[in-house]
Amino acid sequence: MSAQLNQRILSELESLVLIDPHTHINPLDPASHTLADILGYHYYTELAHSAGLSRNQIEEPGLDPKEKVRRLVPKLADIENTAQFSWLIEMCQAFFGFEEDRITLSNWESLYDTAAKKMAQPDWEEQVLKISKLEQIFLTNNFDDPLTGFDTKRYVPCLRTDDLVFQLSKQEVRDRLTKATGIELGGVASLNQAIGKLFDHFVANNAKACAISLPPDFEPVRVDAAAADVILQAVLSRRELSTDEQQTLSRFVFWTLAEHCADRKLPFDLMIGVNRRVYEAGVFQGQDLFDQRVSLIQYKALFNAFPQVTFPVSVLAQISNQELVSYSWIFPNVVTNGHWWYSNIPAYIEIDTRGRLQAVPRTKQIGYYSDMYKLEFALPKFGMYRRILAKVLTEDFVIERRWPEERAVALGQQVLRGNVESIFGVNGY
Amino acid sequence: MSAQLNQRILSELESLVLIDPHTHINPLDPASHTLADILGYHYYTELAHSAGLSRNQIEEPGLDPKEKVRRLVPKLADIENTAQFSWLIEMCQAFFGFEEDRITLSNWESLYDTAAKKMAQPDWEEQVLKISKLEQIFLTNNFDDPLTGFDTKRYVPCLRTDDLVFQLSKQEVRDRLTKATGIELGGVASLNQAIGKLFDHFVANNAKACAISLPPDFEPVRVDAAAADVILQAVLSRRELSTDEQQTLSRFVFWTLAEHCADRKLPFDLMIGVNRRVYEAGVFQGQDLFDQRVSLIQYKALFNAFPQVTFPVSVLAQISNQELVSYSWIFPNVVTNGHWWYSNIPAYIEIDTRGRLQAVPRTKQIGYYSDMYKLEFALPKFGMYRRILAKVLTEDFVIERRWPEERAVALGQQVLRGNVESIFGVNGY
Amino acid sequence: MSAQLNQRILSELESLVLIDPHTHINPLDPASHTLADILGYHYYTELAHSAGLSRNQIEEPGLDPKEKVRRLVPKLADIENTAQFSWLIEMCQAFFGFEEDRITLSNWESLYDTAAKKMAQPDWEEQVLKISKLEQIFLTNNFDDPLTGFDTKRYVPCLRTDDLVFQLSKQEVRDRLTKATGIELGGVASLNQAIGKLFDHFVANNAKACAISLPPDFEPVRVDAAAADVILQAVLSRRELSTDEQQTLSRFVFWTLAEHCADRKLPFDLMIGVNRRVYEAGVFQGQDLFDQRVSLIQYKALFNAFPQVTFPVSVLAQISNQELVSYSWIFPNVVTNGHWWYSNIPAYIEIDTRGRLQAVPRTKQIGYYSDMYKLEFALPKFGMYRRILAKVLTEDFVIERRWPEERAVALGQQVLRGNVESIFGVNGY
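Protein sequence lines, in the order shown, are assigned to chains L, G and C. Per numbering that gives the first Met the number 0, residue 0 is the first one in the first sequence, and the count goes up by one each step. Per numbering that gives the first Met the number 0, residue 0 is the first one in the second sequence, and the count goes up by one each step. Per numbering that gives the first Met the number 0, residue 0 is the first one in the third sequence, and the count goes up by one each step.
Since the hints were made in silico from the structure, they are not lab data. It is possible that some hints are incorrect.
As the list claims (entries may be wrong) - Below, in silico cross-link-like pairs of lysine-lysine (DSS-like), each with a Cα-Cα straight-line distance of 30 Å or less: (1) G:LYS116 to G:LYS178; (2) C:LYS152 to L:LYS390; (3) L:LYS117 to L:LYS152; (4) L:LYS390 to G:LYS390.
On a predicted model such as this, the values are computed, not experimentally measured, just so you know.
All chains should be built: construct the whole structure from the sequences, respecting the hints.
Following this line, the structure appears as structure tokens:
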């Protein structure tokens, strides 16, 4: 009976057409061309490498896609227990009619060929979106992205600001900024002007958020413009910055971004807690980890200073979820956002979903985003989340709190889609 | 079958008359007068504010209680998923015969009026206690509370010491201390004497505990009296203290309190981990949050120095629960105490209850306290806890460990009530 | 149906003969002689002490074993809720035919006598191993252990290095090193040579791992040999080291050990997070606790510097498990190892097992070790783990992911035994 109830709730959630509020899709090439695009996703390459496949094997220059898959396939047996592997199988079954539950040396090639044929169909992108019940996809664009050549109603731009905050002392980044805005950096005034131009450009192209990923030790505070200017001048005269100076500059740029978010009424997605390049010999995108000794108290000044900016917050460490729940419960401008990266496995999603649904206003929870690089991943990732969400709604709301089914379904729909619309100001397609 | 088993165990736990070992009840005015007293609880005002209601709307000076409720009601829809909302509905159903599961603009007024009528009955306090199966309620009294005008057997005093430890450098606090004790502060000797007088007064009035809430960075150590005296002299001559001096003074006062607890055989409730006024624009009592980077290792010196003092410890961050379990498992004088504030939702209570019941001696666990400001809250809060406790007893003890039902029930009774009696030395009423 | 499924999977796991990859067994006296050997395990003495039994009662010099048990028995009622107590009952039932579920003043003596009689049988060790389905047991040997007098195929040596890393400034430790190796310490060169001799000796005697337990603040980095030499000279001339010097010396010795592990292809077991002697008045081995503010980022340099060394990592704090999962997911040389000490209770094992099985390659997980001091403990401890593993396999793999039963069983077998063989290079007996 409870299993049937759960199934009914899940079916309702599965019928919902979604907006994916955070991805790394390239809108000029959104879907995969071969299985290598899927297996090349860092989740598989890094797990295969972790299980013993050398980086050379995976990242050999000029490697043929089919050969790459052939090399990865034998390692899949070692990672078939992972949630990530279950996404792979689910994609192969849903998109390519694959009927087995393992990919092996004896079946991979026909799977590869079938997939390649499907992916070569001119409407493959449309097929994937339709099968996945997906109508809008948020992007993560570099600040100097021209945002041209695609439908910004379908692929919604989002201004990624990591480079501006953490790499501005690099000549190459400043050159990109000048090229994108036509403004030569002379000091903090022109920096502010250049950033304003970026926001103009993004907002004019339907951008719905500003976004950044942040290391665990980052603590944003307001920095005096004059103090920042001294440092920026040092950068411009190519002096190496001290760690303290670099930190001050990062804080200044970050704060400036928040000010522009306030001006443009753009939500500012904070993805808190990643340490880059911890495992330097790792595969592409498989080098980052974290230090769980982080607290949202580090964002106290920010959350207080910008009551008019909505901060959808993602945390990398699962143990940060209770702070996220509590800060979202107290601060009107903090909302919970998805289940990020190392926290994006069922064991952690379930605990985190439970905590959020029990203590954060229902209007302030963005249930899930796929974080995908290729369109095919939305289906299994949202599928995983919907199953967990249905389970929590069934157990905690219909059974424990005796909510009528349709009320629980409505809560699920709001968390899955409604809040994406209201928080980012999008309305479907 | 397991559902029936769970229900039988729950029924046994529900039949137990309770002692609530930590509340903020005003014994001169313990129960609510209108629904505004209930909805004015910070859990609702802060959640409504978090969901978008402005503080001005909620805290307008001179606001009529009924108007306050009218303003809050529309926001309830946004927080109806929360555990806190479920308490509200449960109170309305149990106390006022409310039969719906939502409070809306169309039904709130009759609910308000019904409640007001009930609450106006002269024996309302008695009714609430009886319906709630509650016979004794611990208070949290300011150090200068006269403790008069109420039955200290029913409303058991508890000496709250936050002001002494953290605000003694304020003239107003020292004036209150002098007024309460008749002792003029001249240095650490007279401070010690004054604190002794407070303990005399409280113990003479049936106080059963000393209590304090502590910020995450507090680390109690013994401070040399001479060193403390220098700082106290500075305070008395109205010099501003440095952060270090303030910390030393706090440590000295705290340690002095522990010494008096040892002398009077009073348990010292430690509520560890709150940062005050993190969100300064928040509603009354809705401004505090936490930094989860805290460890009970900070209390090593204290726990070792006072083996004769029982420390019932509450932790604010859920992730601190395992340390609490482990320290209670090792230190004879550390006991687990309730599920505090941001950890007081079913998802966290269940995990924490499980860990405690599996690893801490059964005699050293105080299952729950309501932390309530008005009497009506004990019913839904203890109700929530009892359901979770029954679930854990059913699953982990009767099913997994094959305990006879009555043995599991006895464990539940001990944790719910027996340990409150033995740890605080109370015996019911 | 799900209960029967779970039972079938459990039965399969229970039929497996095991290798226990981490214990504190004394191979010259592996099994218990009386119930005092079992109840003398620190889990019981520390819990009894925590529940109120004085250390004097437990550790009185010259105390007769039977009298010791008699003193502990009355306290068992207070700790019968704990997982540790459930192990005790399970041992008494499995090994001594005990049919009750409590040990009391009225039944303990006959239990004691029955046990003593059984334990006196000449083949008791063999009986325990057979009943426990255990064929190989890893030891934790002091660096100067002669490793003689026992079958190193059954009792597999493991080089414990805590003393070398943290106590080398003690004359007594250096004397032991000289005695064990014949090498007089004159500086880092001879230290390195001496450590090399220890490795020679251990490897020649079938050692399969090097192991160490580490405090939460330890952060291994490479230390310049010249800098270390200066400090070692200071030690040799009996100058007291500063905290910084001690830390540098510890780091140097630790790094040297890792180099030898690389040379000998020995896994290096890291047991991360214990603070020693936190409760100094505690019973023997019942004084250690932890500070959960630790991160595997502290091991970044180590994991990067030694790709050829496998690091089976145990973490003491449950909240460290997600970092362990993530670091094992990324670093090829990091593997998850068991459920250590304060994390070794069902509530935490279940959460941790779930996370690991969902995100770490199946080849990189050592499911469990008993950490036992006497052979009898393997049975209930592995029993507890097998039940949890069966539950997770049933729920997360067979039900949720629709794996065939035999596939889930194979995963369980690999985690329980297969990986012990492959990671440590043992092959059963």
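Do the hints match the structure? See the list:
no.: 1; hint: G:LYS116 to G:LYS178; verdict: 40 Å, violated
no.: 2; hint: C:LYS152 to L:LYS390; verdict: 48 Å, violated
no.: 3; hint: L:LYS117 to L:LYS152; verdict: 26 Å, holds
no.: 4; hint: L:LYS390 to G:LYS390; verdict: 18 Å, holds
Consistency with the previously given hints fails for numbers 1 and 2, ordered from lowest to highest.
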